[in-house]
Structures are given as structure tokens and as C-alpha cells.
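Undergrad: Listed below, chain by chain, are the residues.
There are 4 protein chains.
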Amino acid sequence: MIIERVISPGIAHFSYLVGSGKTAAVIDPRRDVDIYLDYAARHGVSITHIFETHRNEDYVIGSTELATLTGARIMHGHNFPFSYGEPVYEGDTFSFGNVTLSVLDTPGHTLESISLVLRDTAVSGIPIAVFTGDAVFAGDTGRTDFYGSDKTAEVSGILFDSIHEKILPLGENVILFPAHGAGSVCGTVIKDHPFTTTGYERRTSPDLQLDRQGFISRKTQQNHYYPPYFKKMEEFNQRGAPVLKRLPFLTAFSPQELASSLESYQILDIRSPTSFASGHIPGSFSIWRDGVASFSGWFLDYERPVLIVDDWSQYPDEILRTLIRIGYDNVKGYIAGGFNAWSRAGLPTGVTGAWPVQQLHHHLGGGEILVLDVRDAANRRLAGAIEGSMPVYVGELPGRTGLLSHDRHLACICDTGFKGSIAASILAREGFPYVTNILGGMAAWLMAGYPVIYPGEEK
Amino acid sequence: MIIERVISPGIAHFSYLVGSGKTAAVIDPRRDVDIYLDYAARHGVSITHIFETHRNEDYVIGSTELATLTGARIMHGHNFPFSYGEPVYEGDTFSFGNVTLSVLDTPGHTLESISLVLRDTAVSGIPIAVFTGDAVFAGDTGRTDFYGSDKTAEVSGILFDSIHEKILPLGENVILFPAHGAGSVCGTVIKDHPFTTTGYERRTSPDLQLDRQGFISRKTQQNHYYPPYFKKMEEFNQRGAPVLKRLPFLTAFSPQELASSLESYQILDIRSPTSFASGHIPGSFSIWRDGVASFSGWFLDYERPVLIVDDWSQYPDEILRTLIRIGYDNVKGYIAGGFNAWSRAGLPTGVTGAWPVQQLHHHLGGGEILVLDVRDAANRRLAGAIEGSMPVYVGELPGRTGLLSHDRHLACICDTGFKGSIAASILAREGFPYVTNILGGMAAWLMAGYPVIYPGEEK
Amino acid sequence: MIIERVISPGIAHFSYLVGSGKTAAVIDPRRDVDIYLDYAARHGVSITHIFETHRNEDYVIGSTELATLTGARIMHGHNFPFSYGEPVYEGDTFSFGNVTLSVLDTPGHTLESISLVLRDTAVSGIPIAVFTGDAVFAGDTGRTDFYGSDKTAEVSGILFDSIHEKILPLGENVILFPAHGAGSVCGTVIKDHPFTTTGYERRTSPDLQLDRQGFISRKTQQNHYYPPYFKKMEEFNQRGAPVLKRLPFLTAFSPQELASSLESYQILDIRSPTSFASGHIPGSFSIWRDGVASFSGWFLDYERPVLIVDDWSQYPDEILRTLIRIGYDNVKGYIAGGFNAWSRAGLPTGVTGAWPVQQLHHHLGGGEILVLDVRDAANRRLAGAIEGSMPVYVGELPGRTGLLSHDRHLACICDTGFKGSIAASILAREGFPYVTNILGGMAAWLMAGYPVIYPGEEK
Amino acid sequence: MIIERVISPGIAHFSYLVGSGKTAAVIDPRRDVDIYLDYAARHGVSITHIFETHRNEDYVIGSTELATLTGARIMHGHNFPFSYGEPVYEGDTFSFGNVTLSVLDTPGHTLESISLVLRDTAVSGIPIAVFTGDAVFAGDTGRTDFYGSDKTAEVSGILFDSIHEKILPLGENVILFPAHGAGSVCGTVIKDHPFTTTGYERRTSPDLQLDRQGFISRKTQQNHYYPPYFKKMEEFNQRGAPVLKRLPFLTAFSPQELASSLESYQILDIRSPTSFASGHIPGSFSIWRDGVASFSGWFLDYERPVLIVDDWSQYPDEILRTLIRIGYDNVKGYIAGGFNAWSRAGLPTGVTGAWPVQQLHHHLGGGEILVLDVRDAANRRLAGAIEGSMPVYVGELPGRTGLLSHDRHLACICDTGFKGSIAASILAREGFPYVTNILGGMAAWLMAGYPVIYPGEEK
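Chains as they are written, first to last, in the numbering used here: chain A, 38 to 496; chain B, 38 to 496; chain C, 38 to 496; chain D, 38 to 496.
Note that these hints are calculated values from the structure, not bench results. Be careful, since some hints might not be right.
Since the list gives no way to pick out one identical chain from another, each pair is judged satisfied if it fits inside one copy or across any two copies.
[Stated by the list, open to error] As a list, the in silico SDA-like pairs of lysine to any residue whose alpha-carbon atoms are at most 20 Å apart: (1) Lys282 / Leu106; (2) Lys369 / Leu106; (3) Lys228 / Arg156; (4) Lys282 / Asp354; (5) Lys228 / Ile44; (6) Lys369 / Asp75; (7) Lys268 / His399; (8) Lys268 / Ala415; (9) Lys228 / Gly162; (10) Lys369 / Arg79; (11) Lys269 / Gly185; (12) Lys369 / Thr105; (13) Lys282 / Leu74; (14) Lys282 / Lys369.
Chain A extracted, bound-state conformation (with noise of 0.2 Å):
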């Protein structure tokens, strides 16, 4: 039996190769398809199914582009307009040598959510594994809040259904395959525990520990963002994704060839926050090369073409990819020799400022001093914030610029330091003229001893 796991970091997303004899099943492909196509030569099987637990809004996937490599057919949830593959229905299920995939209907964090069941006939009729796609990850389950606020009570209830008349009943024994580990956007609080089960998540839980009216009451009061690019998401995996064969190859740019047309680039510095603050490209978008897959759908559009920046150009191919899983196929290139060729070229240079917690301590109280506070609500919540820190999500920013002044110096702290570079770089795009990302952000100033308050405190 071969159940291969592939783990797309940043979307936090994990995909299955499962087969046995010679033929195999790819659970929720991602866009960049090889490693589906490598696995499958390693264990000598043809993939013959691709199966999708639900339509995805966080990524684009891969279902088109593994079909038109393979030949698989693609089968999805039956409850939902797809312009392309073949419904499912709860029951069916699909050979693989001695090992099936069992469709059960389980829809919740979207109606058409479908969980496959593992099993070994050639053992046992009792199930081995669950691909619950959205529905459960470990230590928490998907989020319900897709089809408007007002709808999110009810499809709570439908998911709270789901994983108590369908998941749960298989028993305590179940090999647990979640869709995401943590880290993703589509749950809330998902635990880093790379492998988990049925009978784990039950008696573990928080949300499986609730009944009904408190998993909808605990799932209603969640707070989510959605991203600008969940529609575009949505959109491709409705009527199926462009077939792209290969990756696109990057061109290398020199930085007078870049200076030269500046304005027709998305610039995308992944470098550290440190490294940006000190000197970047004006108008750079500065997004860390692990938050490339969470935060660029909050801010570049899909039609400016995109060029990387990095401190030498290391790891244009990896960005590349990850710009590819969220449907960014216009990324043209990257400056060769990095931003550190750009600093030779003598040309102008962005600067912003870069405080450790310490620093921003000893400035504040004088009142010329701003603390944009842009992590997520929940974080805020938990975590306490800074006396008089003022509350926008990173994400949000954009739009609300407006309520800022030109004349204070305008300080961003996240969690840990990144987010907070990716605000300071979107207050410098918008031309703020005193704008400091503050390093290690509050986990910083909570290890160094400084106080907070929490909601309720603030005056």
C-alpha cells in the first residue's frame, strides 16, 4: 500500500498519492504537478484518479494539469456547478489494487465537501484512513464562514453533522489525513501534529469537544479574513485551472533593464525584514519568502506581471512556485545579482525604519509615535497589544491608509516581526515618509518584559 504525503509549505497544504498494485489516486493536487509524476515512477503505478475533497478559494488545484499529463479523471463533490471532472456521489468508491477509496459526503466548510475512506479489502472492511479534506485538521476544523455571515450558523451545523454522522462514527481507530497542517488560513488553530487520528481529534479537540449550539456558537465567533484573491482562487476552480505544462522560465533582469520600466513590475522583496529596511526597491512589496503563499493574494493583482527580488537570487524557482499554486502566472522574472546588484547600480533606494522592541520602549510616551498594530483581531485578543497601539490588519491596510497622517511617525509590529515589514512596505509604496517596522514584533516585546494590555483595559 503507498500513501504518499507531499506538503506545500506556506498554503500549509498536504496532498496525497494513495495506491497499491499498480494503480494510484492523487487526493487534492497541487498546480506543480511533478512530484505526483516523480512518486508515481518511483512505485511503478499510473494515477488513474484525481480526486478533490472540495473546491479550494486558498489555492489553485493542480486537477487539470495532472489530467492532461495522466490522463486520470477527476470526480468532486456532486453538489456543486464544476465545469469540468465527474460528480461523486457518498458510497461510491474506487479500486486501487487491494486498496478503495469510499466517498462520503461531508460538507460543511463548503456544500460540496466530500471525505475518502481508506481501506485494505484484501484485510478488512474496517477502515484504515480518512481524507477529510477541510472538515477536520488536527486540533481544529475547517472554517464555515464562506457563504456570508448570515449563513455561517447554518453551515456550522451541516459541518458539526458531517464529522458526528459521518467522520467520528468510524471509529476511534482512523488514520486522520487533513487537507492542511498549521499554519493554513483555512482553519483557525490547526496543531503542527504531523499525524493524528480519529479518536485523537475526538477526545482532543477544542471544537469536537463542543456540542452542536457550542460548535456553532464557537465557529460564528471566529474571526477570518478573505483575501482579495479567494475569488480568483474560487474562479479557476470552478471552471478548472490553465494547463501550464511546465513553469514558466524567469528571465534575469538587469537593474537598469528594471529601473528602466519600473512601473510595469510588481515588485516582490523576499528578503528578511532586516534586509529591507535598510535598502529596497521603491514601490517594493515586502513579503518574506514564507509568506509569499499567505499574504501576496492580499496585494498584487493578477495582471501586472511580477519580478522577485532576493539578497543573491537564491530562490527565484521556489517563489515561482509558490506564486503558481495561487494562480500568479505572470511572474516574469527576478533581478539577477539581487537587491545587492541593484545597491551597486547606485540607484535610488528605498529606506525604511527597523526597531528593535527595545528601542520603540524607549521612544514611545513622547505621543510623535503611531503603533500600527496589524495582526490578525484574534492575535491581538490572545496575545494583549501595546497601550494605544492602533488596530488594522495587515491585509486591510491598503484601504484604510486614509485614516493615517503624513506628519507621526508611524511604527507596524505584528507577531514576530514579518507582517510588520509588509505594512511598513505598503505605507512607503503609499508615500508615508516616516513609517518603522518593529523587529521580532510582539513576541519580542513580551520576551523583553514589556507590558500589555487587553481588551478592556484600553482606556
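Knowing the structure of chain A, use the given hints to seat chains B, C and D on it.
TA: Chains B, C and D alone, transformed into the frame defined by chain A:
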């Protein structure tokens, strides 16, 4: 939380790197330890502890090697006089970030065997997983014959108690990570399930459906072979194996160099059975590449240096690793250009027969052919046998060739055609002139529709 | 300055990425072009030009593929009606940073052949290197038989002039980068020197020691084979080959699937001669893996799909690349588990003989054996032959089997034992019942001290 | 024939594996020798000899390491009391299959320097290539200052004779394989030509256009720095370096662990200058990753253990190899999570300035800024300097900080902005409060069009 499984094919061995935060443990490391160092570097952790679930018989454990390179402490069960490392006792708990590993004494396979229970203390006291060593496998339990046949019943009872009083009480929902997978000689019929749980095993594993007496009865009836190299493994694993620091560098031998000192070496021919039959270096052992781990220990001695022969010298490094894992530190080199170079050199070449089953069927009946059935006894019993065939397990063939006539044509048959080639090579080494391997073995015989008889049917 | 050489084994083809600063050219790309993209990314350059030194006969040039992926311009000699790309003329010079490539017309091998002279303009106008395509190789010059035997003398004279009036006048000190290395069919006896210079060749290459008349005389006497696939290559390379964007994904076939549609496929068995002889899928072609590039084009047709058989399915990707390089776009898959899976399935199995030379020597003389010498004519002439052997070049064997008796034992011998296996497979396909390949070929025969006769000595 | 070149960046070192048939030699191995073993295995050869073209000053030669692993003999020039290996003499010839390497005494760079002449004896007595060590490079010749300034003229004359009487007489057509490429401290202005010939060098290399007197005069006027670590290299390379067998395993340190014993370590911060400036661990040395080979030896001592800091812990293995090549065997670990983990921990953070050149230009003139020009003297002379700037070579800065005032703002500028960051880190370590690195260095200053003065113009 980090759980990385390292699979060593051939010995079908699973080892694990487990940790969180900045530290990790390795459970049952193999001897070529680079991969644990790579994983540790990738996750940014230090390896602080090495656990041995038990003293192994089938491979050299890499504890001393890994401890030398990392400074980690070596821990093992207290019920055996190891010359290195430190004893642990039931209930001892070791922390790696949020993760803990707690010791369970689970004797049976060996008397000092332990299991290690994994918990995430930040989440719950409920176990996530248990590392069972050779106590419980997927669909099987550890062999219990190591203390002599007069002790097998007693030891089997001890194993039963360990499983039923220690492991299964952890709950149904615990992921079970054993030390071996399908193909290991440490079990009988381990399933090829990459993942399983305590609950799935309790419900489906044949051994776990039995009561104590039934279990003992089943275990005592099982036939296990005890290859001579196990003695060497026991010795290494009691004293601590010699530290290599790196794999030896293999010398490329020309055919002429080898021909002039053929007596000094053990020639290990890892080609396919078809390739071996048509031509080989006289005196070589035919052990196909995936069989090296399981069968070398029956035939190769530990003193004489080993040379590797392949078709085109593609796999020396893979074979070297395999041999090092079972303590053959005296691998010297390989024939540059493989067997093809030998035949180009016009040197004396051995030839054995290789027949498709159709040809065997055609020739049988005349009486001048003796079919040697070199499968293990269980396989012969279950799958049936060719009427008139003589059973001799391949591993025991060297001591039993005195029974065989040089005048008859000896047709060696095994299950799929590989061990038959080993047998043919052993017989050719001992000067039997008419030796043939049956391609595809009994699998082919059965697929071709030829008749077999079962125990009791033999006349 | 960047000079990366890409070696494609089998066709013994050298291509080059050359550049400096931020741009580069590729000279004579192969069709699986990923490697040039990788080098370009590693050096941080864009590929702006692709040069073809000539229209190739022995492989499909990757120009259209690479141009599609990079947007590079394709340049070739003006003296041929290519359907794609742009003509260049003597003296045309292209800049890549400090580096220039200047065109020399060097007809001969083909009439539109060009060479490219590399200079570092920041240092000197003296050439550093010359890319000679198939005009001059290490120790050899390009074949001149492509325009028909009545034109060979004229074309050889043209090549002589190109070498002596264009290439050698560049000076003694110029590094010479040809398009092929040892083993290529585009020369006669190319040396295995990884590097050479114009001066070294002028002083040591046998062809370059001759005057015009001697050169023409030597070239017209050389025997070159013209495999049927050359026609396909000419066609592809005139029109521009189909763009693939990526290699096809190979399907894993079970033995049973294949057995039920054996007629539909061409089976390419890439195992060693020993492995093929003892058992193979009936009707398969035995072409060892390093021979696929040179010999497939003699035997495989371009329409029927190809399946690959190996010992353990290790090399399908390597073989796929090789076949794609010579235009076999119709490779469908491979047998999962290799030939061993076929024999385990009990399916009908072909067998041919394989004899060490000692056995051939022992059997000769009786007259019932016909030795077929399948080497090329030059090899037979130079190395001698077995008395009474019948010369038929392996590539021409399919059309000449009508001459052979089905009653005689046909012993195929070549130079080292590989082409003999091809020949044996061709004869077995055509139903000859007694076919044997001689292991190690004439190399083994000579090393074993057996006698040969030379041309003129035959009775 | 095999010629594989191994490039070690940073020290810009070229070593070679040369052979044919079944044996090979390695010329000037680096200390992490795995790559030679890999090449040997790939080509199916044994390494029988190791040649040292000379006793090196800039890196630890891997001869003892490689000899320990392979059993190869170590050969070097006779004119130096090496404690290991064997002397060779002019004319000594070593065979590797058809290939020979013959010794030429070519003293100058060092007095025991040899060159090795490569011939293919099956083809001709004419040399194919010459391995010149540090005698001749592409566009340059070896430095001649190692025997003291009073000997430079004499030694330069000796080098001139070696080149003109030994190397150039080999002929114009010989490929020249030196021991270093562009960027090495063993030459002055080595060209970035990956390949060259004796003839190309004779015609284009500035040093080779001069007569003996002109050559001596030029060489004696060249300025070379002598980093303190050269002493350690000399010692290692005279006695034979300690054999490691494998690279040490690096421990992952948490920020807290490091913070509690910061005094015990030398912190090597390999991030880009922008990243270092905005925040760093107090007391760390800023040496960018590609500068580690050339600059660590000026600043790090050999006794105190070294810890590596990066942005995200990506390069510890690469940096470890580099440090091991220059004898820093005491590398202990790296900060898990890189500097970002440090800042998240809220620990004290150092900050220096980083200015684009525009900002420097803006601030100059007031007098409160002292521009420290930390380039080497030749660079300052050739490229011009900022008026009023004070020249102090970065390597010599630690001993000369006594001259500097703590009250002035010290702006460090180098050629491209990296060595300026080293200088800034040195000054910050020594407590200077106002320290800034100029991004892009003089390259940026010139590109931005700001004025420079040349020697003699200074007032």
C-alpha cells in the same frame, strides 16, 4: 512536532526522528546515519537522545555512530547487559520541546524490549503514537524464538502480556510506529501498511484476535530461520558497533586485477537471475540487489573481503550501505564496468541454466531432473509445491549439498525466481555441473496453471 | 565568462551555453532543454540566442523547444532552406556581455555548416575558442557522405578548405569545442579527449596531416552507415521539431496488460546481453541502455508506440530522454517491475543463447555453426575476424535475413557483445530457432588468444 | 580520458581529477574531499596519486584527508621539507591508463612549485594540457611576495624563468589549467576565463608581454595583503592537515542558549549588508556568505568556537565547508531560525547604519563624517576615491582603530558594499557608536555620477 520515518529497504527497517522545538530523539538508528543528521539540520534541531527499542539481531544499530557524531545519549531497556549507553525504566519520560517520550517495558521479542509513548504535553496527556520496536507490527507481532525452542512458549506469553497489558491499553486511537515493515525477518507476515493504529491492529491483526493460549500456540508453531549472521549482530549490538565515521571508499577493480586474485575475495553478484545465469564470474554468489540485506548474512563470511559485481556498476554505493548495515565492514570494491567488462576480457565464465516454467514443465517426468524447492517451509506449505520436489531452504543449502548427486540436473525453484538464483550459485560454487534456476519461481508456475500438491498429498 | 558544456551520452553530443554579464547563447541544444534553463538560472543570465552549427542528421535539435520557452532567436547557416529561425553570414557577430561569437562559414560536413568564434573583447581580439560543430572533432573530422557517394570527394574538398582556410588560421592556441565526442556516428574515430585545441589537432589529428588530395582520398574511402532514422531527423531539423514543453509521462504496464496487446507495441529491452539471453518478452528488441541512442534508429519505427523493459524499471526516464532526442515521441510506458515481473507472471518467455568465447571456440569447426559478424566493416578490417564468419552489419541485418538458413545455429558476434545481442534479438523476432550471442565479442575472442584472419587472408 | 575540474568558490580554487582507464590522480584537492570520491565512482576509477602543485597559503590542502580515504600516494615538489608525502623531480612521469602526467619544476610563486604536463601517449608526445598551480593564471601570474619584500625581485625572476623556460616552450596549443580563478588572493587580477591556453596567455596576459626586467619591476610594485591565517595554512600544509573523515555536525542553538554564553563564541553573521545593518547579535562579525573564504582568516581566531548566523539558517553546511577549507575545525553550530529567531526572542540587538550613496553624498561636507575607505590599495588607486576619505584596508582595520575618534560618524565604504559591512561590524565590536556602511560602495558612488579624486590629486 517532527516525526520523520526513515525506511531502510531490504531489512525493511523503520527508524524515526521525533522531536519539537529545538531538540529531537532518534529511535533505532541504522548505521549509516547521514540521513538523521540531514533531517536534524533541515528541522533546525539537535539530536540529544538515541533510543534502542531492543537489542537487534538482524542489523547493526547505529547508536554508537550517531552518538559519536552528535554527542547524544544512548538509552535502552534495562534488562540486558549492554556495554554502552544507559538503562531506562518504565515511566521514564524524556522531553523534546512540547513532546515527551515515555518508556513502557514491553518484553517478548527480546526481554529488554521497550516501547516509547509519544505525547504532546501542550495538548493533552492522551498518547498520539507509540513506537513499538519489534513487539507489534502492521498485521503481525514480533518473533519469539530467540531464546531457544524450549523458551518460545514462555516468551510468547510475555509478549502477549506486553501487548495486552501495555500497548493496547493506551487506547484505540494511538498511531503505531513499529521498527519493521513488510518483508522483515523479524515478523512472519508483516503487512505493507505504511500507517496503522493500535485500534486497527486490535481489530484486524490475526495474532491479536487470539487469547493468551491461542497466541502462544500460534507463535510456537511458526517457523523462523536463524541466519548465521544474527550471532554477529548480537555481538555488535551488545558491545556497540565499531564507529566508522564514514562509509569506506570502494576501489574500482579491473577484470584482470580480480582474475589474478579471485581466491582472496567473496564475489557478490547483484544482477538479476537472468543475467547471472547466462554468464558470471566463477565462484560468485548470486544475490539480487534487493535481496542483499536478507540473504548475504547466510552466505558471506565476515573476514574475507567482498567485491560487488553488477551489470554496469550502477549500485555499488547502495549495496555498500546495505552491507554496512549488517556489519560487513570489509567491502573492498567493485568490478569497473560490471560483468560486461569481465566478459569483454575473455576471462573464464561460469554459466548456469535458467528456465521459464514452461520449460521445466516440459522436462519434468523423465526423472533426470531433481527439483529443489528452496522456499521457506511456510511458503511451501501455503502455496503448494511441485510434486516430487525436495525442500531445502536456500539459507540452509550450503550445509546440505552432501545429499545431492552430481549426476542429476538440479532445478532450483523458489517463490519468484530470485532465491532460486542464489541456490543455483551455491550449487555451482560447490561444483555441481547441471544446475538451473526456474525463472519466476512458483509464482510463475501457478500463474501458468501447472499443478501443485499440498502437505499430506505427497506420496 | 560562462562556458558550460552539456554532454548527451549515446549520441555523444556536446552542446554549450556561452555568455557573460546577463545574457547567453546556447549552441546546438538538445531537445530536452531543462538543463540549459537550469544553467541559465544558476548563472543569472537570459538566453537570447540559439545557434545551430548545422542541420543535424543524428538527433533532433532542441532549438524550437528552447526558443518557445525563452523567447530566444534561432540562428543558423544561410545555405539551407530552414523553415524556421534566421540566417547568419560570415562575419556576423553577436555580443553577450563582453563576449562575442562571430560566424565563420565552414561548409563540408553539411553545406550550410558554420563555426562560431569566441572572443573576450575586454581582453583582446585574439580568439579564445571556436565551436566547430561537426567540421573538426578531437582526432577526427566530420563525415562527408551526406550528399551521395558521387559528391563525397567534392564535399570532402570543401571541408578541407573550411578547416585549412577558416579554422586553422585562427591560430594554434584556440580551444576547440566540437559538437560531438568519442562514440558519435558523425565522425569515424573521435578521440575521447574532453578538451583540445586547434594546434593540438593540427599537429596530431590524422586527417589534418594530409594534403587536400590525401584528405579527399581518405574521406572517400571511409565507410559510414546511414541509419534509416536519419531521414526523420533531416525532416525534423529542416522544419523545426514539434514543441513538447515537457517529456511525456510514462505509464506503468503490468505484464498482463502488455501480454494482451503485445502486437500493438515495440518492446525495447534495455537489459544487458546476459540478461536478455536467458529470458525476454517474445518479439522484443535487445538494445542495451547505452546503445539506445545509436541503434534504436535502425530498428524502431516512428509510428508504433514503444514500451521499455528493464531488469527493475530503473531507467525509464533516462531512456525516454534518449528516445525523445532522436524523435521517438511515441514512448508510452514501461513494464512495472521489469522483466522479473514478466517472468513471475508465468507468461511465454523467449530464450536465446549466450556463449562465452571459450564455448564458441569449442563448438567451431563442426560446420553446424554460422558465425555472423555484425560489426561495422572498418572494425572487422582493423581488428581481424573469425575465419569463416559472415559479415553483416547489425543495422543492415533486418533486410538481409533472407540469406540465412533456419537450420543452422547462428552465432552473432560483434566487438564487445552488445550489438551481438541486438542481432540475436532481430533473428529471434524473425523466427530463427538457433540463435546465440557471443559474450564479450571479438574483444573477448582476442583477449582469450584465439586466432583471427585479416582481409586478404580469407580463403 | 577524464578531466574533471572542481571549483571551490570563495577561495576561487580549481582542483582536478585526471585519469583514464581505471586510475586517476587528483591535483590540489580541497579538504572536503567527497566530490573527488564521487567523480571517481562515477567514472569507475581508483585514485592512486595526489599531486600538490605547491605548498598553499590560502587554504588547507586535502591531501592527507584524501590519502586516508583512498590509499593514494601524495606527491609534491622536492624543494620543501614537507612532513608527509613524497618528493617528485623534473621529468618524473606518472601513468593513468593512456594518460601521463610529467613533472616540470616551475618555482616562483613558491620555490618548490611544480607544474604537471598532460599527454595522451596513445596519440602523441605533444602535450594536451598543463596544470600550472599558481605559476600562471588566466590573465595573470602568481604572487611572488611570500619570501619577504627583499626577496620579491629575486623570486619574481625565478617565476619569469619558469614561465618562459618551462611552460611557454610547451607550445602555443596547450590548455592551461591553473589552481585558481578570478577572485583568488593568489593573483592580482585573474580573469574570469573558464578556459585558456598557453598561446592565448602568451599573447594577451599583461605579465607575459614584459621582458624579465619589466616583469620583475611589475611584480615588485604589486601590493598584496597577507592575512594572518596564512601562517596557519602554511603550518597545516607543511605538516599535513588533521584528518577529519567527515565534516562536524552542527548544533542548532536557540537564541537563549547563545545569549547565555555569548562570550564563548565568535559569531559569524553571513547575511547581506542591509540585513546586518538593521539588526544583529551584538559583537558579531558581518562577513557575507561569498566573502567567508576570503575574509574570515583576517578576523576569526582558530581557538574560539564559531557560530553561524543567517537570515533563515539556510547555508550552514555551505559555510561549514568553506571554514573547514581554511582550517577552522572548531565550527560548533548555528542559530536555529537565524537572526529572525534572535529578534523574536526580544534579546539585545545591535544596529549600525546603512546608507545609499545618495545619502552619503547629501551628508558629506559638514565635517562630522569621516569616510573610511576600506578597499585594497590597488582598487583605490585605479578607481579613484572620495575626497577626504581615509584609506584603511578592511583586513588591517582591527589593529588601526586606535586612530579613530569615537565622536565622529564613521562611514565605511568599499568597492561594492560588502567589505564595508565587515568594517562596520569591526568598529561596532570595538564600541564606536556612529558607524555606517555605504550600500553598493564605490561602484554605486561612481554609477550615481559623484566625483572622485585620484592619487596625486589629494590635497
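Undergrad: Run every hint past the structure and note whether it holds.
TA: How the hints compare with the structure:
Taking identical chains as interchangeable, the C-alpha atoms of Lys282 and Leu106 lie at most 20 Å apart whether they share a chain (8 Å) or sit on different chains (11 Å). Within a single copy, Lys369 and Leu106 get their C-alpha atoms only as close as 24 Å, which misses the 20 Å cut-off; across copies the closest is 12 Å, which meets it. Taking the shortest Cα distances, Lys228 and Arg156 sit within 20 Å of each other only across copies (13 Å), while inside one copy they are farther apart (26 Å). With identical chains, the CA atoms of Lys282 and Asp354 are at most 20 Å apart both within one copy (16 Å) and between copies (17 Å).
Proximity of Lys228 to Ile44 under the C-alpha cut-off of 20 Å is restricted to the intra-copy arrangement: shortest distance 15 Å within a copy versus 26 Å between copies. In this assembly of identical chains, the alpha carbons of Lys369 and Asp75 lie at most 20 Å apart only when taken from different copies (16 Å versus 27 Å within one copy). Taking identical chains as interchangeable, the C-alpha atoms of Lys268 and His399 are never at most 20 Å apart, the minima being 43 Å within one chain and 47 Å between chains. Taking CA atoms no more than 20 Å apart as the test, Lys268 paired with Ala415 passes in neither setting, with 24 Å inside one copy and 59 Å between copies.
For the homomeric pair Lys228 and Gly162, the shortest alpha-carbon distance between copies (15 Å) is at most 20 Å, but the shortest distance inside one copy (30 Å) is not. In the homo-oligomer, the alpha carbons of Lys369 and Arg79 lie at most 20 Å apart only across protomers (16 Å), although the nearest pairing inside one protomer, at 33 Å, exceeds that limit. Within a single copy, Lys269 and Gly185 get their C-alpha atoms as close as 17 Å, which meets the 20 Å cut-off; across copies the closest is 61 Å, which misses it. For the identical chains of this complex, Lys369 and Thr105 are inter-copy neighbours only, at 15 Å across copies versus 24 Å inside a copy, given an alpha-carbon limit of 20 Å.
For the identical chains of this complex, Lys282 and Leu74 are neighbours both inside a copy (13 Å) and across copies (16 Å), given an alpha-carbon limit of 20 Å. In this assembly of identical chains, the alpha carbons of Lys282 and Lys369 lie at most 20 Å apart whether taken from the same copy (17 Å) or from different copies (18 Å).
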